[in-house]
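Put together the whole structure using the sequences plus the hints.
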Amino acid sequence: MSLTDNDRRLYGIDDSHLLTIASVLPDNGSDRHRLQPAAVHAFITLQTAASAAGIDCQIMSSYRSFAQQQSIWDRKWQGELPILDAEHQPLDITLMTDVEKMHSILRWSALPGGSRHHWGTDFDVIDRQSVNACQHEIQLVEAEYAQDGVCGNLSQWLVAHAHEYGFYRPYAQYHGGIGCEPWHYSFEPLAQGIMQALSLSTITYLIKDSDIKGKDVILANIEMIFSRYILNQQQI
-19 MSLTDNDRRL YGIDDSHLLT IASVLPDNGS DRHRLQPAAV HAFITLQTAA
31 SAAGIDCQIM SSYRSFAQQQ SIWDRKWQGE LPILDAEHQP LDITLMTDVE
81 KMHSILRWSA LPGGSRHHWG TDFDVIDRQS VNACQHEIQL VEAEYAQDGV
131 CGNLSQWLVA HAHEYGFYRP YAQYHGGIGC EPWHYSFEPL AQGIMQALSL
181 STITYLIKDS DIKGKDVILA NIEMIFSRYI LNQQQI
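Using the numbering used here, you'd call the opening residue of the sequence shown number -19 and step up by one each time.
Check before you lean on any hint, since a few could be wrong.
Beta-carbon label-pair distances, calculated as ranges [what the hints assert, rightly or not]:
| id | residue 1 | residue 2 | range |
| --- | --- | --- | --- |
| 1 | Leu211 | Ser41 | 18 to 26 Å |
| 2 | Ala200 | Met40 | 27 to 35 Å |
| 3 | Pro70 | Asp(-5) | 27 to 35 Å |
| 4 | Arg55 | Gln127 | 17 to 25 Å |
| 5 | Ala29 | Asp(-5) | 21 to 29 Å |
| 6 | Ala32 | Ser207 | 40 to 48 Å |
| 7 | Gln69 | Ser207 | 25 to 33 Å |
| 8 | Leu180 | Met40 | 27 to 35 Å |
| 9 | Pro6 | Met40 | 16 to 24 Å |
Hints in this document: simulated from the structure, not taken from any laboratory.
From the three backbone atoms N, C-alpha and C, an ideal C-beta is built for every residue, glycine too.
In structure tokens form, the structure reads like this:
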């Protein structure tokens, strides 16, 4: 199978179309992070509005390549990084079948090739000033974004205003696939078209062509993974 230039961008192989935030606004707190140009400009506008409301909205994670996503996956599969349950508590992978381990990883970490972080439209945000003031080590768990959480004010502001700048929460609710992620925002004008362009056959090819851990069980369940975790279609 031959990948097109668009495929290489969709699945985290080519990042030449992305801009760093610093290239548009130097000395920005999220300067090293990369997004598509339209998403960069929209984020800076959102960030400026949040700052006027006393909120230090900064990106913690944005673009990740296929290789970076595979590194996360492989380290979780091998027990080098924790796999968390629905309550963000670590699981004992020695008690799991490979299928159980696969599902548990997918709840919080996307399959390489199927991550929205490949697109240059999605990012995770924190209220850095609040986090630093509390000397808190951010974990990206739901409690941090609850009303009384360290990023609670940020979360409430974004719920009220993010849509004004073109952003939405793709994982606002749990549908039986990806867990609820109140920190994850997406630039809808670009992301919706990308979602529609995703191809099961291309992702299958990329997994077959990789040396990802757990490859056999992934490929045996790839159609389910595509609908339940990549498209995040309703399961419950």
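Is 27 to 35 Å a correct range for the gap between the Cβ atoms of Ala200 and Met40?
-> holds (34 Å)
That 25 to 33 Å hint for Gln69 and Ser207 (C-beta), does it hold up?
-> holds (27 Å)
C-beta pair Pro70, Asp(-5): status relative to the range 27 to 35 Å that was hinted = Since the Cβ atoms of Pro70 and Asp(-5) sit about 32 Å apart, the hinted range of 27 to 35 Å holds.
Starting from the range 18 to 26 Å, see whether the pair Leu211 and Ser41 falls in it by beta-carbon distance.
-> holds (21 Å)
Cβ separation of Pro6 and Met40, checked against the hinted range 16 to 24 Å = holds (20 Å)
Does the hinted range 27 to 35 Å hold for Leu180 and Met40 at CB?
-> The hint (27 to 35 Å, Cβ to Cβ) holds, given that Leu180 and Met40 are roughly 30 Å apart.
Beta-carbon spacing of Arg55 to Gln127 - inside the hinted bounds 17 to 25 Å or not | violated (33 Å)
Is the gap between the beta carbons of Ala32 and Ser207 within 40 to 48 Å?
-> holds (41 Å)
Between Ala29 and Asp(-5), does the beta-carbon spacing fit 21 to 29 Å?
-> holds (28 Å)
Hint 4 from the earlier list is the only one contradicted by this structure; the remaining hints agree with it.
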